[in-house]
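Mapped onto my numbering, the consecutive letters of the sequence shown carry residue numbers 7 to 257.
Accuracy of the hints is not assured; some may be wrong.
Derived lysine-lysine pairs resembling DSS-like cross-links, with alpha carbons at most 30 Å apart [to be verified]:
#, residue 1, residue 2
1, Lys217, Lys193
2, Lys228, Lys193
3, Lys193, Lys127
4, Lys127, Lys49
5, Lys127, Lys95
6, Lys193, Lys230
Think of the hints as simulated: they come from the structure by calculation, not from any bench.
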Amino acid sequence: MSLEPMDDGTSFPNKVNGPSRHLSLVDHALVHLYGVACLYRWKDVGDYASLVYERGGSVEEVQGCARHLVVFCGYGPCLAAMTALKKAKAIPHDTPGKVGGDPGNAFGIVYQGVEGAVRDKVYDADPVLESWIQSHLYGDVYSSPGLTMLQKQYLTIMGLVKSHMMEQIYGHAFAALRFGATEDALKEVVDIAAFLMTQSSSSEETDIFRKAKRTIDMAVIKYKRGSSTQNADPPALVVDQSSIRIPMRNS
């Protein structure tokens with residue numbers, strides 16, 4: 007995959023959805039990296055990781071992005087992405103993550119005000135799954151350092167678009183707005199998903215991408231209706247700092 011020059015003097019792979027318009031340069035690259043990994047394009051992840059670094063991103067963000075694949079793709083694809091990144095020498099050293107200890111409070115931060123309703127809905131689908139999501143997905147993966155909560159929302163929305171999960175896009179778009187996202191930035195994430203999934207930079211969009219943007223519109227309307235109470239800073243992520251570590255290799 008060749009690199010082409012951008013107006014700001016950096017470069018970008020020729021299969022990137024153009025220069026960033028509303029996302030930061032680093033977030034724009036991270037969403038692409040997460041997107042190609044969600045699509046199992048292992049040969050491309052090294053180039054997109056290089057783009058993250060070129061735009062000022064960190065190894066913590068690159069490895070955090072790959073670890074976040076557990077949320078939507080599972081352990082197998084996460085392992086494949088991490089292996090491909092290390093083969094490309096895109097992760098020069100490992101970074102700490104949350105391992106064990108009490109679960110972090112990321113679930114409550116993302117679903118502030120509706121935690122009970124979300125838990126009940128997942129419990130009705132599968133009580134065991136509800137416990138796993140609470141204790142591991144949000145308690146460990148989502149509560150790990152490396153990415154901001156807003157960055158995690160961008161990646162999550164990328165994964166949700168790929169998975170055609172409109173209802174969940176609504177909730178995570180709403181959370182992203184509380185974390186400081188703009189409507190345009192959220193829709194740019196959808197544009198990147200559309201570009202990567204269709205491999206076309208044209209303005210044509212399939213029904214799924216139109217639905218995703220309409221879902222974001224609904225989240226924006228709800229957010230603006232409660233803007234007087236939504237402007238407060240979201241709660242801080244609380245994590246047992248003794249659980250932030252690189253585990254020792256098992257003998």
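Now for the hints, and whether the structure bears them out:
{"no.": "1", "hint": "Lys217 to Lys193", "result": "11 Å, holds"}
{"no.": "2", "hint": "Lys228 to Lys193", "result": "16 Å, holds"}
{"no.": "3", "hint": "Lys193 to Lys127", "result": "27 Å, holds"}
{"no.": "4", "hint": "Lys127 to Lys49", "result": "38 Å, violated"}
{"no.": "5", "hint": "Lys127 to Lys95", "result": "42 Å, violated"}
{"no.": "6", "hint": "Lys193 to Lys230", "result": "17 Å, holds"}
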